[in-house]
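Heads up, the final residue of the sequence shown is numbered 140 in the numbering used here, and it's a clean run with no missing numbers.
These are calculated hints, taken from the structure and not from any lab test.
Glycine included, C-beta positions come from ideal geometry on N, C-alpha and C.
Careful: at least some of the hints might be erroneous.
Label pairs and their calculated CB-CB ranges [claimed, not checked]:
| hint | residue 1 | residue 2 | range |
| --- | --- | --- | --- |
| 1 | ARG79 | LYS37 | 27 to 33 Å |
| 2 | SER8 | ALA48 | 46 to 52 Å |
| 3 | ARG79 | SER57 | 26 to 32 Å |
| 4 | GLY28 | ARG79 | 30 to 36 Å |
| 5 | ARG16 | GLU65 | 24 to 30 Å |
| 6 | THR(-1) | LYS34 | 25 to 31 Å |
| 7 | ASP93 | GLY5 | 23 to 29 Å |
| 8 | PRO91 | SER57 | 21 to 27 Å |
| 9 | VAL15 | ASP117 | 17 to 23 Å |
| 10 | GLY38 | LYS81 | 27 to 33 Å |
| 11 | THR76 | VAL36 | 46 to 52 Å |
With a Cα cut of at most 25 Å, we get these calculated DMTMM-like pairs of lysine to aspartate or glutamate [what the hints assert, rightly or not]:
| hint | residue 1 | residue 2 |
| --- | --- | --- |
| 12 | LYS34 | ASP63 |
| 13 | LYS58 | GLU120 |
| 14 | LYS52 | ASP7 |
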Amino acid sequence: MKIRKGDTVKILYGKDSGRTGKVVRVFRKDMKVVVEGINEFKKSVKGDGRGRVAEIATVLKPLPVSKVMLVDPESGKATRVKMSTNSRGKERISVRTGKPVDTKPVSKGNEKAVKPKSTQNTKKEDVKEVAKDTKKVEVKKEKSETKDK
-8 MKIRKGDTVK ILYGKDSGRT GKVVRVFRKD MKVVVEGINE FKKSVKGDGR
42 GRVAEIATVL KPLPVSKVML VDPESGKATR VKMSTNSRGK ERISVRTGKP
92 VDTKPVSKGN EKAVKPKSTQ NTKKEDVKEV AKDTKKVEVK KEKSETKDK
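Assemble the whole structure, with the sequences as input and the hints as a guide.
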C-alpha cells in the first residue's frame, strides 16, 4: 500500500467525492484508511446512570484505499505514486511531477534494533581461566568439608 499515515489524500468517488483530508490511520491488512473529517457517522452512546451521560458521538469509519488518491504536495492535484529504490532506500515518487513525495525513505518497520557493542567485553580465554579457578576452589572446599565430618 502506497498511502501512509499523515498523507493528504483526495476522495475519488462516493458521498465525499472531491474532498481532501489527512490520513489518520492505515489498516494494511484490510486495505482501508481513516481520513480526518471524511466518512463521519453519528453514533448514539447510552449513559450508564452513574457517571456517564448519554450523547451522540461522531465516529470516523475507514474507507477502501481504492477510493482515495494521494495529493501531490507541489501541484496540489491527485496523483498516482510509484516506488523507486536508490541509495537512501525506497522512495515514493509522484507520477505527475516525477519528484519524491516524502522526505524520509519508506521502511517496512520490521528492522530489529541493533544493540551497541559493549566496551566492557571480557575475552573468552579470561572467562575460561576464571571458571577453572572457581571450580578448583569449589572442589577444595568440598574435600575439606568431607574431612571435617
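Evaluation of the provided hints:
1. The supplied range of 27 to 33 Å is broken by ARG79 and LYS37, whose beta-carbon atoms lie about 52 Å from each other.
2. Take SER8 and ALA48: their Cβ atoms lie about 25 Å apart, and the range 46 to 52 Å is violated.
3. The hint said 26 to 32 Å for the Cβ distance between ARG79 and SER57, and at roughly 29 Å that hint holds.
4. The beta-carbon spacing between GLY28 and ARG79, approximately 33 Å, falls within the hinted interval of 30 to 36 Å.
5. For the pair ARG16 and GLU65, the supplied restraint of 24 to 30 Å holds, since their beta-carbon distance comes to about 26 Å.
6. At roughly 26 Å, the beta carbons of THR(-1) and LYS34 sit within the given window of 25 to 31 Å.
7. Our hint of 23 to 29 Å for ASP93 and GLY5 holds, since their Cβ atoms are close to 26 Å apart.
8. At roughly 24 Å, the beta carbons of PRO91 and SER57 sit within the given window of 21 to 27 Å.
9. As the Cβ distance of VAL15 to ASP117 is approximately 55 Å, the hint placing it in 17 to 23 Å is violated.
10. A beta carbon spacing of about 49 Å between GLY38 and LYS81 contradicts the range 27 to 33 Å that was offered as a hint.
11. Taking the beta carbon of each, THR76 and VAL36 are about 48 Å apart, inside 46 to 52 Å as hinted.
12. About 34 Å separates the Cα atoms of LYS34 and ASP63, which puts this hinted pair outside 25 Å; it is violated.
13. At most 25 Å may separate the alpha-carbon atoms for a hinted pair to count; LYS58 and GLU120 exceed this at roughly 68 Å.
14. Between LYS52 and ASP7, the direct Cα distance comes to roughly 13 Å. Compliance with the 25 Å bound is thereby established for this hinted pair.
Checked against the numbered hints listed earlier, the structure breaks hints 1, 2, 9, 10, 12, 13; every other hint is satisfied.
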